[in-house]
Amino acid sequence: MKPGALVLLTDFGLQDPYVGVMKGVILGLSPRARIVDLAHGVPAQDVRSAAFSLMSAAPFFPQGSLFVTVVDPGVGTGRRILWARGRRWQFLFPDNGVTGWVERVEPFSEVREVSSKDLFLPVVSSTFHGRDIFAPVAAGLSRGLAPAKLGPRTRSWEALCFPEPEIGRTKTAGEVLVVDRFGNAVTNIPFEAAGKGGVVGFRGRRIGEVRSSYACVPPGTVLAVRGSWGFVELSVRDGDFAGRYKASPGDRVEVSRP
Numbered sequence: 001m002k003p004g005a006l007v008l009l010t011d012f013g014l015q016d017p018y019v020g021v022m023k024g025v026i027l028g029l030s031p032r033a034r035i036v037d038l039a040h041g042v043p044a045q046d047v048r049s050a051a052f053s054l055m056s057a058a059p060f061f062p063q064g065s066l067f068v069t070v071v072d073p074g075v076g077t078g079r080r081i082l083w084a085r086g087r088r089w090q091f092l093f094p095d096n097g098v099t100g101w102v103e104r105v106e107p108f109s110e111v112r113e114v115s116s117k118d119l120f121l122p123v124v125s126s127t128f129h130g131r132d133i134f135a136p137v138a139a140g141l142s143r144g145l146a147p148a149k150l151g152p153r154t155r156s157w158e159a160l161c162f163p164e165p166e167i168g169r170t171k172t173a174g175e176v177l178v179v180d181r182f183g184n185a186v187t188n189i190p191f192e193a194a195g196k197g198g199v200v201g202f203r204g205r206r207i208g209e210v211r212s213s214y215a216c217v218p219p220g221t222v223l224a225v226r227g228s229w230g231f232v233e234l235s236v237r238d239g240d241f242a243g244r245y246k247a248s249p250g251d252r253v254e255v256s257r258p
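Take the working numbering: the final residue in the sequence shown is number 258, and no numbers are missing along the way.
Keep in mind that the hints were calculated from the coordinates and are not lab data.
Hints should not be assumed to be uniformly reliable.
Computed Cβ-Cβ distance ranges for the label pairs, DEER-style [said to hold, decoys possible]:
| hint | residue 1 | residue 2 | range |
| --- | --- | --- | --- |
| 1 | GLY20 | GLY144 | 20 to 28 Å |
| 2 | PRO163 | ALA44 | 15 to 23 Å |
| 3 | CYS161 | ASP16 | 27 to 35 Å |
| 4 | ARG169 | VAL124 | 51 to 59 Å |
| 5 | LYS196 | PRO59 | 21 to 29 Å |
| 6 | VAL124 | ALA44 | 16 to 24 Å |
| 7 | GLU164 | ALA44 | 22 to 30 Å |
| 8 | SER115 | PHE162 | 27 to 35 Å |
| 9 | GLY20 | ARG205 | 42 to 50 Å |
| 10 | LYS117 | ARG244 | 49 to 57 Å |
It should be emphasised that the depicted structure is a prediction, and the values quoted were computed from it without experimental measurement.
Heads up, the beta-carbon is just placed ideally off N, CA and C, and yes, glycines get one too.
Use the sequences and the hints to build the structure in full.
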């Protein structure tokens with residue numbers, strides 16, 4: 001697979017130098033690497049949120065892109081670091097389930113344990129594998145390193161299960177997957193399973209209707225719209241749904257068809 005973009009996804013934030021240092025290591029070893037920052041504001045240690053970002057974003061990247069995910073609450077433990085590829089993309093990630101959702105759209109054809117220490121930095125800390133392992137390995141792959149040099153194949157790895165919605169004839173039940181920075185609650189309900197004019201229930205309480213856009217309702221009104229990723233999103237026009245309702249991942253959502 002021809003190397004493409006090198007896509008970084010972390011929970012490091014931008015206040016500290018962690019992201020910049022990772023990029024420095026990559027560019028020092030692979031000056032022509034095309035680095036893309038997917039997101040660095042994943043909530044700390046939130047593997048589920050990172051899984052959503054991978055699943056949602058990957059289809060918009062060119063073939064061969066390498067997604068480097070460092071949302072790694074198990075850093076410094078015996079958890080493995082893995083590399084995988086499917087038909088279109090490659091992934092470098094901790095073995096904590098983070099790729100489970102993207103595997104719905106990109107089943108893996110090959111997975112390897114990253115165990116060749118000669119690819120790491122000379123000194124590996126117990127707290128910053130993003131710099132000491134992920135970055136140099138990603139740099140090698142961006143230069144065309146043969147995946148076989150990473151380590152042995154593996155047939156088992158952790159994978160978060162995607163919470164499939166319950167789609168009935170008159171009602172669809174699901175849950176909040178993530179809350180974005182605008183306070184929108186992104187659900188696991190495909191918009192096609194809801195339909196315009198459907199009645200939305202949140203935690204057993206009717207709160208609004210499915211609309212085609214924010215412009216359909218006055219400011220401050222609760223509504224559900226088709227979000228950027230094709231799922232039903234619960235929102236407040238010019239407001240913050242999650243702040244108003246204290247919404248969080250896992251909260252139950254129902255949509256009754258008109």
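For each hint, the structure was consulted:
At roughly 25 Å, the beta carbons of GLY20 and GLY144 sit within the given window of 20 to 28 Å. Evaluation of the 15 to 23 Å hint for PRO163 and ALA44 yields a pass: the beta carbon distance comes to about 22 Å. The hint said 27 to 35 Å for the Cβ distance between CYS161 and ASP16, and at roughly 32 Å that hint holds. At roughly 56 Å, the beta carbons of ARG169 and VAL124 sit within the given window of 51 to 59 Å.
Checked against the given bound of 21 to 29 Å, the beta carbons of LYS196 and PRO59, roughly 25 Å apart, stay inside it. The beta-carbon spacing between VAL124 and ALA44, approximately 22 Å, falls within the hinted interval of 16 to 24 Å. A beta carbon spacing of about 27 Å between GLU164 and ALA44 agrees with the range 22 to 30 Å that was offered as a hint. Here the CB-CB span from SER115 to PHE162 is close to 29 Å, well matched to the stated 27 to 35 Å.
Distance hint check for GLY20 and ARG205: the Cβ-Cβ separation is about 45 Å, which falls inside the suggested range of 42 to 50 Å. A beta carbon spacing of about 51 Å between LYS117 and ARG244 agrees with the range 49 to 57 Å that was offered as a hint.
Hint violations for this structure: none, all hints satisfied.
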